[in-house]
Amino acid sequence: MPAPKHDAPVSLDTLKAGVWKENPVFIMLLGLCPALAVSNTAVNSLAMGLASTFVLLGASFLISLFRNVIPKQVRIASYIIIIATFVTVVDYTIHALSLELYNALGAFIQLIVVNCMILGRCEAYASKHRVSTTMVNAVGMGAGFTLALFLVGSIREILGFGTFFGIPLFGPDFQVWAVFILPPGGFIVLSLWLVLFAAIQRKRDRMAAGKEGAYGS
Amino acid sequence: MPSSGRLILTLAIIAMLSGFTVVLVYQVTLDPIARNHREALEKAIFEVLPGATARVNYRLDDGGLRPVSDRDLDEANMFAGYDKEGRLVGVAFEAAARGYADIIRVLYGYSPERECVIGYTVLQSAETPGLGDKIETDPNFLANFDGLDMRLNVEQTGLKHDIEAVKPGAKAEPWQIEGIAGATVSSVAVARALRENANRMLPLLIRHLDELKKNPSPTSFRRMEGEAPAEPDAYTDCLTPCSRLGRTLALHSLETVVGIVEGEASAEPDEAKGEIV
Chain D
1340 MPAPKHDAPV SLDTLKAGVW KENPVFIMLL GLCPALAVSN TAVNSLAMGL
1390 ASTFVLLGAS FLISLFRNVI PKQVRIASYI IIIATFVTVV DYTIHALSLE
1440 LYNALGAFIQ LIVVNCMILG RCEAYASKHR VSTTMVNAVG MGAGFTLALF
1490 LVGSIREILG FGTFFGIPLF GPDFQVWAVF ILPPGGFIVL SLWLVLFAAI
1540 QRKRDRMAAG KEGAYGS
Chain X
672 MPSSGRLILT LAIIAMLSGF TVVLVYQVTL DPIARNHREA LEKAIFEVLP
722 GATARVNYRL DDGGLRPVSD RDLDEANMFA GYDKEGRLVG VAFEAAARGY
772 ADIIRVLYGY SPERECVIGY TVLQSAETPG LGDKIETDPN FLANFDGLDM
822 RLNVEQTGLK HDIEAVKPGA KAEPWQIEGI AGATVSSVAV ARALRENANR
872 MLPLLIRHLD ELKKNPSPTS FRRMEGEAPA EPDAYTDCLT PCSRLGRTLA
922 LHSLETVVGI VEGEASAEPD EAKGEIV
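Sequence order for the protein chains is D and X.
Read in order, the letters of the first sequence correspond to residues 1340 to 1556 in the working numbering.
Read in order, the letters of the second sequence correspond to residues 672 to 948 in the working numbering.
These are computed hints drawn from the structure, not numbers from a lab.
Treat each hint with caution, since some may be false.
Here are some chain D residues the structure puts well away from chain X; computed CB gaps all over 12 Å [to be verified]:
no.: 1; residue: 1360
no.: 2; residue: 1430
no.: 3; residue: 1538
no.: 4; residue: 1539
Think about it this way: if two alpha-carbon atoms lie no more than 25 Å apart in a straight line, the pair counts; the simulated SDA-like pairs of lysine to any residue are [unchecked claim]:
no.: 5; chain 1: D; residue 1: 1411; chain 2: X; residue 2: 683
no.: 6; chain 1: D; residue 1: 1411; chain 2: X; residue 2: 714
no.: 7; chain 1: D; residue 1: 1467; chain 2: X; residue 2: 714
no.: 8; chain 1: X; residue 1: 714; chain 2: D; residue 2: 1433
For each residue, glycine too, the CB sits at the ideal point set by N, CA and C.
Turn these sequences into a full structure, and let the hints steer you where they fit.
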């Protein structure tokens, strides 16, 4: 079994990494399918984000806990079963809680099982780190995923329905921009956020480089 | 490399634990999910039958009319609504047809007295947001269904005038449905669902109308309220939750297949374009 690589102590950066620097959607471009498909309203985005976060937390916990027990050769199969179990639990729970939400999220709850963000984090992080570090990191990743979906979903709802969380923002004469609720709108809004995040990242890098240069001289 | 036995054992243990968890969650959520579905249907029934305060589920087919308990809700295809005095307000039918994205399922209320539609609501649709989903929200479209003519022909074998969808602003007759601009396929699908269902069910209904008009017997009232049925249904009682799920799933897929075969295989291309534009 791979020995844990000099596990750095849990720090705020472990948590923050997923939210900003390694945001699963905006930086790593993982889990784009649900990010585009169910982000047409703020509520749907939040529900999808939270459901995925729950699955990520549960699967990461178990995989990290048993990382030295599961043989390497069957690890992916094991991960898939564990993830699928949590997805099924979420699916039944949402169905029992609210039929409306269940219908709105449609098949995408079941499709969390193939969300590459979750399998990716299990394989790349949970299987190599201590439970405590993994959980902190998973919380950050889940929050980052939820935040990304929420940002996309809010813009799409505001422009496409003229509402935010179902509350009308504009007068009754507001002409909704239907394209933003349709699939192309998902791509447009996501790409705009990607541009923004890339621009901020670039500016930071440049500033960091400038600082280093200053220290060096 | 670990032995094959170890690999198999690991996977087997994980799969077993997984199966156990899934069954546990399934058992816990079974009742709330069934209740959610029942409540949603009940709300829809009272919505399409204004003034109704009690309902009785029925199965109406060529074999005749028989009440259905809430437990076998899947078998019901007709819901009679009664007001406080026990008078028949109307009958709700579930109709389905293939829409733009998927099967559209609607529930409509029919008044045998007025021979017209008195209420309409969409049970399930995946129509395009902002365009096709106006079949649920557009007030002009919804106005079509208040008094939509459903008189039977003289022979009582079908509708006198078939329900049809017309272009926006072209509604001239009480049996026409004024379509939604930009959602032609969805509007036509709703009209087709109502037309096909009414042609099949109304001739059957007229034969059993007197039976329905009678105050529902105490038995059916008790069944309706979800208490134990007068005669225990041995077949239902011995069904395990799992086999019940299997039956429901089988029913649903059957329904979908029938819906697809009954409706047209897919929307025509030029019509489809109409929706996107």
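Taking the hints in turn, this is what the structure says about them:
no.	hint	verdict
1	1360	33 Å, holds
2	1430	9 Å, violated
3	1538	30 Å, holds
4	1539	31 Å, holds
5	D:1411 - X:683	15 Å, holds
6	D:1411 - X:714	53 Å, violated
7	D:1467 - X:714	51 Å, violated
8	X:714 - D:1433	20 Å, holds
Against the hints set out earlier in the document, violations occur for numbers 2, 6 and 7.
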